[in-house]
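Here's the letter readout for the chains.
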Amino acid sequence: MSAPIDRLLFGDNQFFGVNHMSEEKARAQAMRFQSTEAIVEVLDAAYAEGIRTFMCTTHERIAEIADHVRRNPERYPDYRFYPCMPYAHKYANAVTQDGMLGALRRFMPSEGLLSTALRSGRSLAAKDIEGIVTVLVDSEMRMFEGLSTPVIFLQNVVVDLLLGLGFTDAFRIFAEHVRTRYGAEPGFITMNLPMLLDELDRAGVENPIVCANMNAIGFRMAGGIEGYERALAERRFRPIAMSVLASGAIAPREAFEWVRDRPEIEAVVFGASSHGNIRSTAGIARELWPAG
Amino acid sequence: MVDVALVGVGKMGLSHLSMVRAHPDVRVVGVCDSAAYVLDVLGKYTGLPTFTDVERMLDQARPEAIVIATPTASHAALVRTAIERGIHVFCEKPLTLSGEESTELSRLAEERGLVTAVGYHNRFVGAFRELHRLLEAGAIGTVSHALAESYGPVVLKPKGSTWRSRRGVGGGCLYDYAAHPLDLLAWCFGEAESARGSVLGSIFSAETDDEVYSTLRWPGGVTAQLSVNWSDESQRKMTTKLSVWGSAGRIVADRQEIQVYLRDTAPAVEGYSPGWNVRYTTELTEPVWFYLRGEEYSAQLDDFVRAVAAGRPGESSFASAAVTDRVIDRILRDAEAGTAAESASLPAGGLAAAGAAAPTPRRGLFRRAARSAS
Numbered sequence: 001m002s003a004p005i006d007r008l009l010f011g012d013n014q015f016f017g018v019n020h021m022s023e024e025k026a027r028a029q030a031m032r033f034q035s036t037e038a039i040v041e042v043l044d045a046a047y048a049e050g051i052r053t054f055m056c057t058t059h060e061r062i063a064e065i066a067d068h069v070r071r072n073p074e075r076y077p078d079y080r081f082y083p084c085m086p087y088a089h090k091y092a093n094a095v096t097q098d099g100m101l102g103a104l105r106r107f108m109p110s111e112g113l114l115s116t117a118l119r120s121g122r123s124l125a126a127k128d129i130e131g132i133v134t135v136l137v138d139s140e141m142r143m144f145e146g147l148s149t150p151v152i153f154l155q156n157v158v159v160d161l162l163l164g165l166g167f168t169d170a171f172r173i174f175a176e177h178v179r180t181r182y183g184a185e186p187g188f189i190t191m192n193l194p195m196l197l198d199e200l201d202r203a204g205v206e207n208p209i210v211c212a213n214m215n216a217i218g219f220r221m222a223g224g225i226e227g228y229e230r231a232l233a234e235r236r237f238r239p240i241a242m243s244v245l246a247s248g249a250i251a252p253r254e255a256f257e258w259v260r261d262r263p264e265i266e267a268v269v270f271g272a273s274s275h276g277n278i279r280s281t282a283g284i285a286r287e288l289w290p291a292g
Numbered sequence: 293m294v295d296v297a298l299v300g301v302g303k304m305g306l307s308h309l310s311m312v313r314a315h316p317d318v319r320v321v322g323v324c325d326s327a328a329y330v331l332d333v334l335g336k337y338t339g340l341p342t343f344t345d346v347e348r349m350l351d352q353a354r355p356e357a358i359v360i361a362t363p364t365a366s367h368a369a370l371v372r373t374a375i376e377r378g379i380h381v382f383c384e385k386p387l388t389l390s391g392e393e394s395t396e397l398s399r400l401a402e403e404r405g406l407v408t409a410v411g412y413h414n415r416f417v418g419a420f421r422e423l424h425r426l427l428e429a430g431a432i433g434t435v436s437h438a439l440a441e442s443y444g445p446v447v448l449k450p451k452g453s454t455w456r457s458r459r460g461v462g463g464g465c466l467y468d469y470a471a472h473p474l475d476l477l478a479w480c481f482g483e484a485e486s487a488r489g490s491v492l493g494s495i496f497s498a499e500t501d502d503e504v505y506s507t508l509r510w511p512g513g514v515t516a517q518l519s520v521n522w523s524d525e526s527q528r529k530m531t532t533k534l535s536v537w538g539s540a541g542r543i544v545a546d547r548q549e550i551q552v553y554l555r556d557t558a559p560a561v562e563g564y565s566p567g568w569n570v571r572y573t574t575e576l577t578e579p580v581w582f583y584l585r586g587e588e589y590s591a592q593l594d595d596f597v598r599a600v601a602a603g604r605p606g607e608s609s610f611a612s613a614a615v616t617d618r619v620i621d622r623i624l625r626d627a628e629a630g631t632a633a634e635s636a637s638l639p640a641g642g643l644a645a646a647g648a649a650a651p652t653p654r655r656g657l658f659r660r661a662a663r664s665a666s
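Order-wise, the sequence lines are chains C and P. Here the first sequence is numbered in our numbering, starting from 1 and rising by one per residue. Here the second sequence is numbered in our numbering, starting from 293 and rising by one per residue.
Next up, chain P with everything else stripped away, as it sits in the complex (with noise of 0.2 Å):
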């Protein structure tokens, strides 16, 4: 059994708790939060013990593992805290709002030969992890560029009123949604080096990204396109893709299937012929303990769960999720650089003055009918 406490019950922790009370080898012995009404809520009819201060639940309830699902702008100072006291951390995502910090908490709960993972569940969905384990053998030949795709309904008016509608506490489409796709890019070919023509756009956000876009490279050769962008009604919920090609065949998967074309120069991978191959999620798919809203979710905490008991390390550990921070802030300070060249290019008095010629008119044009939505 593994004594497990979690902070924060909003959508992601409810959903946690949920799966992890469900788990048989797990003993939840706290749940803490701020807002005291879900929590009370809870305790009244789950009998579940509950806190309002993490230190005090810590003191109290002494568990082994704790699952941190609260704003991103807090992840920090609770891992910093559960680490010191030798206490297994599974994080939401992303890890920190910076690359420095997350490195840095790596290293320290490295130090202390502690479990750490990182709430990236693509990486426990059937079809990705077809698509990993077919990159690592090698089967499209030589990877050239990947595409990486999010796109979902998630803000779709200009008024927000919770912590995703501003960039400061780690709201925004970058950190909440590219993420996904970053991690999974630094799943398959390590980290980027850099990242350039990087886009940050607002569409109704007045406060952050809803869109980004940029070119990646690593180390080697290898490029990628990150496409992202949360204000996209026309998907029915967030949709992840990535397409890899390769000297000998491309792959593109999905949640929900993998399509794989491998040239008459691929080498042999037993089930793969050349030409196009589909597998889909029924038959790439491990069965689960407890379901909720999809495998990979019960198969992330499952794991983490057993590397506790086990004491080995988590499959999505905070030194892959350190990655993916450093390269959230090569992005911010490309766009940044972009928006500040865009800028000094502009004659004095900014974009009243430039006129007609003024750099960004569809930025300008979607604002305003933002604007007349509401």
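Okay, chain C solo, but in the shape it has when bound (with noise of 0.2 Å):
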């Protein structure tokens, strides 16, 4: 049986220059958070509103708050980590300049355990999906050592492009590899969850954890809006709902009352750079959509 996943998770595109709303705002973010103590700053404050989750890409600037976390294990005794995995722009700029094998070839561990080396050389010789999967994943999850990482999800751009594909069987061997070697959930991130949901049944992956936009005004939320609510309502899966602010076009009250009209959704995933924010945001929700 799995560990409960908190109401309240935290995101951390807003530390990476990410905002869907204004280029202008998502520059003046990267320049703020540009120093390590910046971030910490405000997941100390989200940690003091009781947040003790960090859903967060596998950046390289991710591994100083990995280090962070583990150097003071006193100040956080119940912090766990949610990994989302790859940290896409590395594999995409790397494909750019080296091409798809080269790419593939740069990310395979060189050196380490004997075992991983000759695993990803035989893998990539033979083809071998689940052996490049398991090696990748092993080779993101590096930074998060000695960390509670309950919960390990495959980041959306992935998630959608083996969608499209039909690419089944990277959903399996990501799960399997996951449960097995980090006695972690699996979870999937997407921005088309109703088809994603019938590719994972495919998978024969159970009750998935998922991850998606929800939100009141159907904000990248493709398939539609009916389709998610149709999913919410009639498929079994572990709903995670990120963007219900739909970047900020939806005001906070009116994005948590959409959230407690829909009980099925177990978690909402949201980001915020100011103390006065994370508290307002909190406040809300426990407010609204207090913990069932």
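Some hints could be false.
Said to hold, decoys possible - To give an idea of the interface, some chain C residues facing chain P are shown, with a C-beta separation under 10 Å as derived from the structure:
1. 17
2. 20
3. 28
4. 75
5. 77
6. 79
7. 168
8. 229
9. 232
10. 265
Hints in this document: simulated from the structure, not taken from any laboratory. C-beta: ideal position from N, C-alpha, C; glycine also.
Take the two lone chains, each set in its own frame, and fit them into one complex as the hints suggest.
Shown next as structure tokens:
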């Protein structure tokens, strides 16, 4: 039986210059969060508001956050990371530079355990996706060693690319590896929820944790908001809602009323850059959407 | 159902394949690439029919439409083959490496009544669509000038080993990056008649350009500055921005938002008022059937598929892509003429003899910095 998921999860888009509304705002945030201390300060503010789960990409700077939490166990006794991998830009840029195979070789660990090296070399030669996927997951997970990672996510660009291609096996392989090697629950982030649920069924991944945009205006809910409503009502999965504020197009109160009316939603992931915003969003969430 | 084949499974090709395969009205009948590795993996795990030879794929899979996502230098021959067989074509940008060739292919496809499209996805970005609509409506009066910019982190160090690092095969900032803002300009203003003061600068690349600057002029007097740099690490990913000045206001648009300033003298446009108006992607973007990396990529393939099904022209046809390719030619010729004039003005013996008066010390400095960083 997998561990329960906190109601409110803290996301990391705001730390890395991702803003779906404005490039200017994204740039301003990238400037503000150049130092790891600035990120830690915001994470501490979220922690002070009772938010103990950090859902983050495997951006190289997250390694510094992981180091910080590892160094200060007394400050974060119950802190959890939900890694979302891979950090897609790293791979996309590598493909532009070295081509598809070159990039794959670059990320296959060349050092470390002999067995890993053998596994990756053999996998590349045999076109064995199982070997390639598991080695890539292991290399992304290295930065979280010794930390609590009860849920490990496959990030949306990869999930949706594989989904469109019909690469069903990859989901099963990822889920099995995450369970056996890390004792964690596999999670999937997607912009195409109804289609993904069908594909996960085919892959034999049962009652999956799926994180997707869910908001009152249907922003980035491919397949249509009705399809999402139906999925919430009829399908067996563990939904985590992201983008409930639709990048600021919906006010927090209205957003959480919408969430409250959909009791199937287990958790909401949100990002904020200031203690004030975190406190007010968390306050609204707890008032309108108390833990059930 | 439209039977679609795809050539080239690099980064763009894979992404197109994923979206087109997920399209409810498409059946993917073949995938072709010369690199057997990725192709074998695809065949093994997705069951898609794969080919290493385009002619064989076209003979056996008999697609109605084809998506071409190979390196640019190979576009012309592949497009020609498809047209000769009466196959509708979606081709990645730029269409070819020569304005003349693109014009000819556009004419051939038109003669045969084929649907054509080129991967200029910015035309499907909500904010750019809104900018286009406002210009058509004359919202900012008589347009005098535009600034078209694209920046991003593609080439950040001296060595690159793919086709993108060689201009001869279609690599370089001009073909790969500048083509996007140039297409937006062509969409809004038609064909620029001249390019002046063009600069094709190298920052890291030995065999191609990493930055492009030019001043374009249209019949009727509109001008535009083009400013493009794909070695800009300050950007997380490619960002394209178009600013337009008119007698009654100004519009600035990028992928996320459109900012419109209207003077009191501006004609009334529904939903807009004098002063600043800001609209975000959340309200400007139409939902798509499948999302990968941005609605615009799905929307452009959807437009192509629907155009094929309905037998109507696509939004971003070969004819409009040929305009962009002819302008690229003008920029290349202008930059070469500028370089030639520059070296002609040097004393015999070139740069070395010119000593301290060498005309491009800045570039030399960058080259040295680049080498020491490697």
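Okay, the hints, checked on the actual structure:
1. 17: Since chain P brings a Cβ to about 5 Å from residue 17 of chain C, closer than 10 Å, the hint holds.
2. 20: holds, 7 Å
3. 28: Since the shortest Cβ distance to chain P is 13 Å, the answer is violated.
4. 75: Because about 30 Å separates residue 75 of chain C from the closest Cβ in chain P, which is outside the 10 Å limit, the hint is violated.
5. 77: Violated, about 34 Å.
6. 79: violated, 27 Å
7. 168: At about 8 Å, which falls below the 10 Å cut-off, the nearest Cβ of chain P leaves the hint on residue 168 of chain C intact, so it holds.
8. 229: With a minimum Cβ separation of about 14 Å from chain P (threshold 10 Å), the hint on residue 229 of chain C is violated.
9. 232: violated, 18 Å
10. 265: violated, 20 Å
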